[in-house]
Amino acid sequence: MTLAPPSAPTPGIAPADRVALLARCRAIVSERHVLESPSALTVYESDGLPGYHRRPTFAVFPGDRAEVLAVMSALAERGVPFVARGAGTGLSGGALADGTVLLGLNRLKRIIALDPVARTATVEPGVVNATLTRAAAAHGLHYAPDPSSQSACTIGGNVAENAGGPHCLKYGVTQNHVLAATIALPTGEALTLTRDDATRGYDLLGAFIGSEGCFGVVLDVTVRLTPDPEKILTLLADFTRVDDAAAAVSAIVAAGILPAAMEMMDQATIEAVESSVYAAGYPRDAAAVLLVEVDGAAVGLDEDAAVIEAHCRAHGARTVRIASDATDRARLWQGRKKAFGAMGRVSRSLAVQDAVVPRTRLAELLTAITAIGVAHGVRVLNVFHAGDGNLHPNIPYDAQNADESTRVHAAMREIMQRCIDVGGTITGEHGVGLDKLGYMDALFTAPTLEAMCDLRTVFDPTHRANPGKVIPVHRCREWRAAPNARQS
Amino acid sequence: MARRAEREAVVTRADEMVLEAVRDATAASRAVRIIGGGGWAEAHAAITPDAIALPTRATAGIRAYEPDDLTITVGAGTTLAELDAATHPHRQFCPLAPPGTDDATIGAVLATGIAGPTAATWGRPRDLTLGVTVIDGHAREIRAGGRVVKNVAGFDLTRLTVGAFGTLGVIVEASLRLRALPAVDESWLLTDADAAAFASWRRGPYAPVASAALDEGTLVRIAGNATFVAAARAALRACGTITSVDPRRWHALRASHPRALPPLAWSPLAARVKTAFDPAHTLNRGLVPR
Ligand SMILES: Cc1cc2nc3c(=O)[nH]c(=O)nc-3n(C[C@H](O)[C@H](O)[C@H](O)COP(=O)(O)OP(=O)(O)OC[C@H]3O[C@@H](n4cnc5c(N)ncnc54)[C@H](O)[C@@H]3O)c2cc1C
Ligand SMILES: Cc1cc2nc3c(=O)[nH]c(=O)nc-3n(C[C@H](O)[C@H](O)[C@H](O)COP(=O)(O)OP(=O)(O)OC[C@H]3O[C@@H](n4cnc5c(N)ncnc54)[C@H](O)[C@@H]3O)c2cc1C
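These protein sequence lines are chains A and B, in that order. For the first sequence, position 277 (counting from the first letter as 1) is numbered 277 according to my numbering, and the numbering increases by one without interruption. Every number in my numbering is 1000 more than the matching position in the second sequence, counting from 1.
Looking at chain A on its own, in the form it has when it is part of the complex (with noise of 0.2 Å):
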């Protein structure tokens, strides 16, 4: 058999124990909540990312948290592994579960607890990013990170996966934010990780975020708000040429500027974009156009997109113009948060990418892209938090055309590796999950992946949470050392 990632097997499930086990979850959570049907699982096949399909054994989905710990202690007594799933917004196949069972959050959608003064919220891990930025409003406050899916993924989430947004330039990811968690580890134990820089120990609630849902679950999190910024003023600069526009960014950041947000389209987003029902007013003979938002003090806040925009005409910006008003904001917000979906709709399939790179790279990168993308016969469209650097070079595709998915595949790879090569890495906020497994070996040396399989296993000796995902199974002592192992 070959030991090649992705297809890291999982064990599937006993028969004895699967009738078992459907039959103390549907008295655990009433009859309702368990699906087992092929046809109600279809949804369940899949996430945010086209192209995979796995099904579950069945999904269960828990109405609060005595119910996540009595099914997740039924599942520990037989041994049983599970995928937890929030909204399945995921763009990297994490939440898929290879004949495994599904444990479905987003029944969980309490806000627990809500402090303007303290500025902190206590959430279940299904409550909505956006559902509590809503709430929050009525404080002056909100959510900081704003991942495009904000509509739609959940806070517990956005946690498994350390999520970012545009706007996690100058707020930072959801790691910035989270100040307790409660978890369940897979053995159905709950406990609380909090963060306190005044004692001495280890920083445990931080190595829980972005564990991709292999540490255990979220069972609610305690989140700092902040508070919404006096003004905000946003800028859209149009450009002719690609590398223009990438050295603005650089320009912008070397001079010590820290907008908001500073995102770029390309020309063939822009035509995607434009072409769609979200038309944000993007100039459709642009190479690209930089989305800048600076926000704060009312009070010297037009210094700092004077600076802005001098840094891009000075870089060969056609022009720049700043929203009018909150309408004409929202508008051009738009155009940049439906990109994917606009993207979607140009093709059956789309390969999304998540890549970073030095901000001094980007110019170089895209070139790179472009001609990647030529010598295989695909077209890039790129969208992307080009302040962090962080790149989503994105390729349409039919993936029932076996030839055109090999040569997207390919081109895919070349690109990674050319992140890797200027000292990148292989996902910036979409996670490693199935997609990118068979990057890993590339990005980290055996050590390091070695070592951060020993850090699962002191959450999950056993690694019945998302079994398969993250690190090649491979690279794990373990896996290497017990022979059974290898079977499946």
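Please keep in mind that the hints were generated in silico from the structure rather than gathered at the bench. No false leads were slipped in.
Okay, the calculated beta carbon distance ranges per label pair:
hint	chain 1	residue 1	chain 2	residue 2	range
1	A	Ala-330	B	Leu-1261	46 to 56 Å
2	B	Leu-1019	A	Ala-198	24 to 34 Å
3	B	Arg-1259	A	Asp-228	35 to 45 Å
4	A	Glu-36	B	Ser-1200	53 to 63 Å
Keep in mind the model is a prediction, meaning the values are calculated, not measured. All residues carry an ideal CB built from backbone N, CA and C; glycine is no exception.
Following the hints, complete the assembly by docking chain B with the ligands onto the known chain A.
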């Protein structure tokens, strides 16, 4: 080019020597005491007295620095003063400002993980660390994280290392986030303050970069572009009497920080982490329970 290769060879040799020292100590069932600048005696006193001294200063050096990326990679033995000397000419800095002096090494600052007064605005050590290379108790060289500002590949061993007091691994290299020096940066002493007015100033749009309560008043630091700082200063003045202060006052404050070792926060899960990375308690034995 040749010079650069030579320098990298020297640097790698220093890292290798740390690895060999840990391997030898583990083989001999001995413990090692990791030393940065050696400036915090209280931390060293808590380590078992028969531990072999493991100095890390030789790893010092700027290993990669592209100023326009606002990131830097340094050997763990590099001091805060050396980091400033490399970055200030480019009008950049790393906002680490831990208790003690600028002779502290980056390895120690990250190992102790303690934040300075600017942490709430400019980030704590763990927020500023993009990646670390550590030698764990199995004498494995672990290259965690990376050099770019956003990265979710794999499990977060960087976060685990920062604040672990060297008990999970010896830090030999670190990549850090930098910031541009603010255009204007002022420190003020606020006296005769209207407490409510000051509290609301602090929570509002003029939130300061740092503030510290002293016997004689409140030390406040405001930074940003000239227009912003002028407005923030005017609003602060409305809260009480303000007097301009030498920014070195912040250094004095760091030096006078209490020296005692912070209390231990331990759990069965933490003990399992320790066992995974340093089962023989080779590293800084005595700092966490056995
Ligand atoms: C159009 C679009 C735009 C996007 N834009 C962004 C973006 O800007 N930034 C960004 O970071 N991401 C983005 N994403 C990706 C995705 O939305 C995020 O990864 C999000 O955090 C996933 O949340 P979810 O609730 O959908 O999780 P799911 O997809 O259900 O699960 C994701 C992972 O989290 C685990 N998980 C879920 N819930 C829990 C829990 N309670 N406990 C433990 N583990 C759990 C799962 O096992 C899985 O590994 C985008 C996705 C789409 C479709
Ligand atoms: C007056 C004073 C008060 C202080 N108060 C506190 C406090 O309250 N809380 C706190 O956390 N820190 C405190 N510190 C520590 C301080 O913030 C820095 O961590 C310290 O000054 C670093 O100096 P150093 O290089 O001389 O480290 P050292 O004194 O050499 O080492 C400090 C600790 O870090 C470990 N260490 C050093 N280098 C490494 C490495 N490369 N890898 C792994 N571990 C390493 C050492 O084993 C030791 O435990 C204080 C320091 C001083 C001088």
